[in-house]
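Undergrad: Spelled out, the chains give:
Number of protein chains: 4
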Amino acid sequence: MATLIGANRPQRTDRNAVSRAFDAVRRATDGICAPLEPEDFTIQTADFASPAKWHIAHTTWFFETFILEAFEPGFQPFDERYRVLFNSYYQSVGEQHPRPKRGALSRPSIDRIRAYRADVEERVRKIIQQAPETDWPTIACRIELGLHHEQQHQELLYMDIKYNFSQNPIGPRYAGTRPKASDEAPALRWKRFDGGLVDIGYAEDGFCFDNETPRHKVHIEPFSLASRCVTAAEYLEFMNDGGYDTPTLWLSDGWATVCEQNWRAPLYWRHGDDGWQRFSLRGWQDFHTDMPVVHVSFYEADAFARWAGKRLPTEHEWEHASTGVPLRGNFVENGLLDPLPAKPGEQSQMFGDVWELTSSAYSPYPRYQAAAGALGEYNGKFMSNQTVLRGGSCVTPHSHVRATYRNFFYPDQRWCFQGFRLAANG
Amino acid sequence: MATLIGANRPQRTDRNAVSRAFDAVRRATDGICAPLEPEDFTIQTADFASPAKWHIAHTTWFFETFILEAFEPGFQPFDERYRVLFNSYYQSVGEQHPRPKRGALSRPSIDRIRAYRADVEERVRKIIQQAPETDWPTIACRIELGLHHEQQHQELLYMDIKYNFSQNPIGPRYAGTRPKASDEAPALRWKRFDGGLVDIGYAEDGFCFDNETPRHKVHIEPFSLASRCVTAAEYLEFMNDGGYDTPTLWLSDGWATVCEQNWRAPLYWRHGDDGWQRFSLRGWQDFHTDMPVVHVSFYEADAFARWAGKRLPTEHEWEHASTGVPLRGNFVENGLLDPLPAKPGEQSQMFGDVWELTSSAYSPYPRYQAAAGALGEYNGKFMSNQTVLRGGSCVTPHSHVRATYRNFFYPDQRWCFQGFRLAANG
Amino acid sequence: MATLIGANRPQRTDRNAVSRAFDAVRRATDGICAPLEPEDFTIQTADFASPAKWHIAHTTWFFETFILEAFEPGFQPFDERYRVLFNSYYQSVGEQHPRPKRGALSRPSIDRIRAYRADVEERVRKIIQQAPETDWPTIACRIELGLHHEQQHQELLYMDIKYNFSQNPIGPRYAGTRPKASDEAPALRWKRFDGGLVDIGYAEDGFCFDNETPRHKVHIEPFSLASRCVTAAEYLEFMNDGGYDTPTLWLSDGWATVCEQNWRAPLYWRHGDDGWQRFSLRGWQDFHTDMPVVHVSFYEADAFARWAGKRLPTEHEWEHASTGVPLRGNFVENGLLDPLPAKPGEQSQMFGDVWELTSSAYSPYPRYQAAAGALGEYNGKFMSNQTVLRGGSCVTPHSHVRATYRNFFYPDQRWCFQGFRLAANG
Amino acid sequence: MATLIGANRPQRTDRNAVSRAFDAVRRATDGICAPLEPEDFTIQTADFASPAKWHIAHTTWFFETFILEAFEPGFQPFDERYRVLFNSYYQSVGEQHPRPKRGALSRPSIDRIRAYRADVEERVRKIIQQAPETDWPTIACRIELGLHHEQQHQELLYMDIKYNFSQNPIGPRYAGTRPKASDEAPALRWKRFDGGLVDIGYAEDGFCFDNETPRHKVHIEPFSLASRCVTAAEYLEFMNDGGYDTPTLWLSDGWATVCEQNWRAPLYWRHGDDGWQRFSLRGWQDFHTDMPVVHVSFYEADAFARWAGKRLPTEHEWEHASTGVPLRGNFVENGLLDPLPAKPGEQSQMFGDVWELTSSAYSPYPRYQAAAGALGEYNGKFMSNQTVLRGGSCVTPHSHVRATYRNFFYPDQRWCFQGFRLAANG
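Residue numbers (my numbering), protein chains in the order written: chain S, 156 to 581; chain U, 156 to 581; chain R, 156 to 581; chain Y, 156 to 581.
Any given hint could turn out to be false.
[As the list claims (entries may be wrong)] These stretches of chain Y come out as covered by chain R in the derived footprint (C-beta under 8 Å, 3 or more residues):
| no. | region |
| --- | --- |
| 1 | 224-232 |
| 2 | 260-266 |
[Stated by the list, open to error] Per the computed footprint, the stretches of chain Y lying under chain S, defined by three or more beta-carbons under 8 Å from a beta-carbon of chain S, are:
| no. | region |
| --- | --- |
| 3 | 171-177 |
| 4 | 194-205 |
[To be verified] Some chain R residues judged to face chain U by a derived CB distance under 8 Å, without partners named:
| no. | residue |
| --- | --- |
| 5 | Q246 |
| 6 | R370 |
| 7 | H374 |
| 8 | N395 |
| 9 | Y399 |
| 10 | P402 |
| 11 | P521 |
| 12 | S539 |
| 13 | N540 |
It is worth saying that the hints were derived from the structure and are not from the lab.
This structure is a prediction, so every number in the text was calculated from the model and none was measured.
Ideal Cβ positions, reconstructed from N, Cα and C, are used throughout, including at glycine.
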């Protein structure tokens, strides 16, 4: 059980506590969907961005498949056909409806999917209360995983809604406008770390994903880390200095991407009559250039760092540097849905605001072992071609993140709320 | 005026008659949409198939642009942004939202588009009643065109809904099941025509599209025409005889399409445990093999004809043969949404059931002249690479079709309700 | 025999005459290849342009397959593997090496292919002298066809060498420079034709391709035809007037091609510091703007005609107008490899200089019947999506062309030496 | 100088020794090309495989650009246009002819390129003898780099010739047949390593590439390494056990590649009537299944390891394990052009036979610093998305490899002579 996915004990084992957590996470998903029209739930404007409807069906499928099907006496699926329709990538569970065709499903309608959610929720609650004690530890562990899984899809909902809305020339707003932040970003400072043989990975007493384990030793050279993320103003300097026209600043694959995609700025930026604007979940906005730059790819972050004579931190450096930094920041609970300018201090923005790109390829930790069966497909099979991001963002639930948490995306992807912080040798 | 599009006089010039026609066609569109969920209105599952929502906005855009903008005093658009969003291909009117991205528009929602329809309808009705007499002939002509335009989109709605639903593994039904037709197709007979110098094109007193004009002389050799369309049973013989595996039966471009698309049967056929089934607007159905084969491309019809030792008729032969055949048949008003087996007789199914593929490339008639301005883009610019179809189908409004009517599709397209009838020399 | 391909009697039946014709055409092919390096024979820089080596092997394969295999006692192929390797598109003969991969064949080397040519030639000559009288009519007919086939590939050799060389930044020259033509194009004049019921198609006593038959009646409206082809100077006016920026001038498919391919000028034009230049078989050249424009697609010709308020002639109009025009002009025998400015007169350039684009889709003539077997694949299966060109060009052998000759290309293709002449109604 | 690319001292500084090394490497390139026809030099059958002609021009361009242009008084290029034509990817040097279009260059002919080689060689020899002492250290360092660069292209020549020939249905042979190896692979044994804090990277006194530096400490867990590479027989077991049909064995990106590319076996395998055959530089061969499997991608090696319950070694583990293993093996000097079965012993095949795939992403070593200028583009900019291979192959020059040598390819590439060795924890 402990090796299923959450390689450690779940945070909660008391049945009532699990039930409350279950309800809280499920209601949070509902809250995210509240401003959406039925049509908004349905569209898919890129292969990588799923319809909102699909997310909320899939997170229900997860509980139906791994809790109900495994533990409910006399289990009958809500709808046999959903097994394929809402399976994301679990080969062990069977066929999947192809990802780029999720937007082809006008049916089941959102009303029908809400009925699906309600039905499965009700039955999961029963399991929580009535499952025999022998099954309970496994069930508790899987529900924990299911809730963290749903939190990941909550973040994906924000990402995908933002992307889908950005593709509409009339620029719909998911949320209303807020007064523009007026804070200024503090000057950049550097904090030095001695390195040496350090411990990396999760070894505490709560939940974590299997890719954070096992805790192991890594040798790190002395390094320095910037006190805050790179701002939009700083990124504009790079752009104005010809960053997107200078191939020697870029990794070879990065430059190929710049040329193929005709990149001239981060995702969601457009240049209008009055200068640059950015698309947000509140529609098109003027810039507050002291905000951290967001929606840049690994390639862009890497090119900026080369231009600045610095580099990105490794994920080990980042994790080591985060030791002792309180897990506080601008998370989704703030309701801003945008990063904020940094606060003064040596280590601002380590958590929240933007996921921080690192230079580390997403690889298994030494002696990492994926679980057997479907849940073993959760993380391990993605360990190629992607890079690690750390620290959570303004659309991540606070309870979802840890210092050891490893997020991962392809180096050309940009629709995650991601930015970066510079590092330097010695 | 006469040269606008309808090259001849409109059928109706009385203001009340126009108003009634306007209301009738608009309500028919509403009727087609009645069974749809908001999600069904929104999806686009192929570049060629537009969302239902788009069709009903675009047909409103047509009246707003060509009636209100031209004739309404102090015209203000309902929403400035719709000018681009719902322009299909009128370069003279300005930019267009790209066709393959029509499914990216969750907003405006269907409710908002219904408000758009209601607003424009109300204002058009006012124009009909109040426009000065000097403008009226042009307005009447344009409304006539707009109504025929909307009828074309009514047929496209059926085509696109069918295609979109077919892409959903759960196979939604647009309409309920009906008892299976039990008629048998009569044996094939041939009717001989002498040919000679014949008149082709529209020259009567009602509405027609400009591509049906001018009426002109064509010299035709003697030929024979089959008494009915090729049936699904006959097409199955071709398939069972290796039709899709025999390159020598196909045009070169046709065979390339067979290989690239991996065609093994008409569109919407699938082979299950109990033999072939077909997808219809009533969901997956068993075959009634005496029905005409439908949803075959020009390439498939041409290959079948070669296999059968016959050929397709030219559009001139078809039009000449239709002289004196009453304009009756299985049109959309029947509500079947499927073709029916042929009736006995020398010339069954000439109108209705399925659009009939001809061997004629879609080219301008001698001395054809497209109108100046936007409405001149209606037909003329499509006169390359397409083939002509004749006679209307089971999803065409009866009032929309004429013997001289020229429909056109690319030779690899299949989602129109189209079949074919054989011809022979001499 | 008569229905094989050449639907009529071959021009030559005397064995010695056939032998001389065979040698003359084969030596002409050798002459075209004389300036090529082994590397030039091998490359393929576009799917549509075959390596020179492939052409000279394929024209030998044609004789080996249709003469030797059919009529040589105890036939053994020169190399069994060439049957697939050098089959172009004859499904009846069996598999084909894929066209886009012809450039993958470094072996057989050009030396080996020359040995293949020599061997097959020797054996064909023996057949010509020794075949029994009963076989001779068929053999003579097939050799006639084989020689016209080889002449088509001679023209393709020029087209493909030009295209391949144009793709090389160092712009190799196939032939040396010549003094620039100094003639001026005469002012455009119009010749009127009454039309009426005219005869179209070949019915004389020599060789023709099956697609020129049967001769049949066509009704033509009165029309006028320009006295010469459109010149480069006139085409420049169209360009300078924004021709490539004005969507309303274009067929819908044409405009899509302009946008996708980013067309700004005819193929082989480039704009350098000193104005426009064009690539020719003699390398990069300054313009002689009185030359007919060449290497424009059907779409470009059609857009120009619309801009000019005229249209392209139909193939019937062109053929009818050519009656009585002597079959003389600037053909390949001139050795110029470029078109020349028109001569004064009512009907200059009808033959030679540039293939003339017509508005006619390439369709079968009434009662056209392709032959049975492989040779029936020669023309018929290409009768969709292409347009007809007439009159031959500066790289066509004089003996290859007739007034009834129907050449055909796709409407977006440009690498043929093709231009156009305007027509008008009435 | 030291930081140019070779981060350490060149192996040779004596002018005569450099001159001899220069001649030896250049003559080796000539030797590889000896069996080629002019046509073989020219073709390009995949974007990743360059024409032989291009390789031998580019390796000359390297010396012309980095030696002659920098150090020859009054330097004039052999041909101005070659600067672009034969630049591979050095953005600092300027434009490059696009890689996928290298096969479009029939000119310059191979004869002309041989003249280019001879001219540049002669001039480099002069520089070697006559350069002032102050320049000499830099020149010696760059020539050293140029020779290692040319050795890399020697290996690419073998790879690309093999690939190009494999695409030809007649399967040309680069070299004659040899007697089939009869050795049997010894049973697999495991050697255990304690791990701990180990030193990784080059720190000796000769030449190395910059990506092997700086030497640094890495903490390794205890592990075991197989005594030899996985054999073709063992890989066949994986295939016969459904390896290519079992998605759960594969990385997600790997499985997507299997499906898209329709992989069923390693590259160059085909299944004929008598079982599996493989394409080699000696043409199609029956298998010697005790040979190491070769031409498998990282994805296939990773899937095999998962199937076998093992894993691939990291590059650190491999390098650590190679300590003390003599740098001997089946290199190109053997002339076999194929790997050999393993020899008995604890650590067979560590060098030569096949490049060994590791699980390590190709990333910069801590404090890695690419050089300034064009030569800094040599390695650093490829440090994303690729995986590291170690140990050299049967087509690698013996003098080219080191224990610290880091080769790298994309995880879906297979045309390198690459295989793999298993590792295990503890």
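Undergrad: Can you list which hints this structure breaks, lowest number first?
TA: 1, 3, 4, 6, 8 and 9
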